[in-house]
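Residue numbers (the numbering used here), protein chains in the order written: chain X, 1 to 116; chain D, 1 to 111.
Don't take each hint at face value.
Derived DSS-like pairs (lysine-lysine); straight-line CA-CA distance at most 25 angstroms [unchecked claim]:
| id | chain 1 | residue 1 | chain 2 | residue 2 |
| --- | --- | --- | --- | --- |
| 1 | D | Lys36 | X | Lys42 |
| 2 | D | Lys70 | D | Lys36 |
| 3 | X | Lys57 | D | Lys70 |
| 4 | D | Lys70 | X | Lys42 |
| 5 | X | Lys57 | X | Lys83 |
Keep in mind that the hints were calculated from the coordinates and are not lab data. Predicted model only: the values in this text are computed from it and were never measured.
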Amino acid sequence: EPEVTQTPSHQVTQMGQEVILRCVPISNHLYFYWYRQILGQKVEFLVSFYNNEISEKSEIFDDQFSVERPDGSNFTLKIRSTKLEDSAMYFCASSLMGTDNTGELFFGEGSRLTVL
Amino acid sequence: GQQLNQSPQSMFIQEGEDVSMNCTSSSIFNTWLWYKQDPGEGPVLLIALYKAGELTSNGRLTAQFGITRKDSFLNISASIPSDVGIYFCAGHLQGAQKLVFGQGTRLTINP
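So here's chain D without its partners, still in its complex pose (with noise of 0.2 angstroms):
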């Protein structure tokens, strides 16, 4: 079945700094999407991207939809601790209802 690669599965990073993490896949997705997951309670979207080479800005967040329509990634600027939390990529295939998701990256803040 299709795959979603997320990377890297944790980071762990000082209040303040940027961060950074991607998603890639052998198949072409006709949407990408970012979740954002808090411990016990189900996942949030941040950001939808639907076209390729899309770059999209949600407050501190940006998310772009690879030109190959094969990857994407997420930055969070000047980061809080309220961004701690577990973030998954998910695509979707043309012509279904389904999402794939990948593994998550689960995000570790010093304060």
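Bound-form chain X, shown alone (with noise of 0.2 angstroms):
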């Protein structure tokens, strides 16, 4: 069965430091997105990506975060200068259609930040 798969599994970086997570969406799924879970706590929605380009953001998601699609297959999250309370379990998703058509999301497993 096809999977969304996440690159690493656990990064522990120092404040300040930049951070690259992976993500590998499904393949011929069209929106990709990533939301995060701080331990304990419930899932919340940073940004979703489509054709390209960023289609929604949530307020979490400041200039210190950044979303490419470098090549056909890859859509990576870019935290530019880490800061504690980015903490937190990453969870990348994709669908093949947009949520605002009923498109089911499919999670990856998580790359867990440690910022120290």
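Got two chains here, each in a separate frame; can you build the complex from them with the hints?
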């Protein structure tokens, strides 16, 4: 069964460092997303991406964050200068159709980011 | 922003018991979804609901989309040990790309 894959599974970094989290969405999907989950809390939307541009972003997704689809398969989330409060599990998701067209999201297993 | 209030926050039950959890919102959603999250993994979709009043089953799971479009419930019948995990409701607003998640219900089952 096709799945969303994420790397790394866990990254530890120093405050102020740049981090890139990588995702390989399901191959025929067109919509891509990043969500995050602070330990013990709910899953929060960060950004959606379609047709090589951001289609929606939350207030969490400030200038420190960026997303890119550098080739036909990868989808990355970059945090330029990490803060302690960026420590969380980051989930990539993809869907064939957009959620505004009842597209179902498939989530990866997540990348745990720990900022020291 | 939009909020989903999910309850209960946690449940401790005996194997074989039925389980019920629900989500409410002050906003109208056009889609309700229920996800399960196992430790260290991403959410996995259990049931998706697209119409107000819709009642949908998936094996031992049954979910309903409230008539007012502001609530949904999930029932699990005859619970088994592999049902342990965190269950999240999620709602989708018309015209938006994002899903709004509830706070989760942590289910623990005593054998």
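We went through each hint and held it up to the structure:
Pair hint Lys36(D) plus Lys42(X) holds up; C-alpha atoms about 12 angstroms apart against a cutoff of 25 angstroms. With a C-alpha separation of about 21 angstroms, the suggested pairing of Lys70(D) with Lys36(D) holds against the 25 angstroms cut-off. Distance check on the hinted pair: Lys57(X) and Lys70(D) sit about 24 angstroms apart at the alpha-carbon level, within 25 angstroms; holds. Between Lys70(D) and Lys42(X) the alpha-carbon distance is near 19 angstroms, which keeps this suggested pair within the 25 angstroms criterion.
At most 25 angstroms may separate the alpha-carbon atoms for a hinted pair to count; Lys57(X) and Lys83(X) meet this at roughly 19 angstroms.
Every hint, counting from the list given before, is met by this structure.
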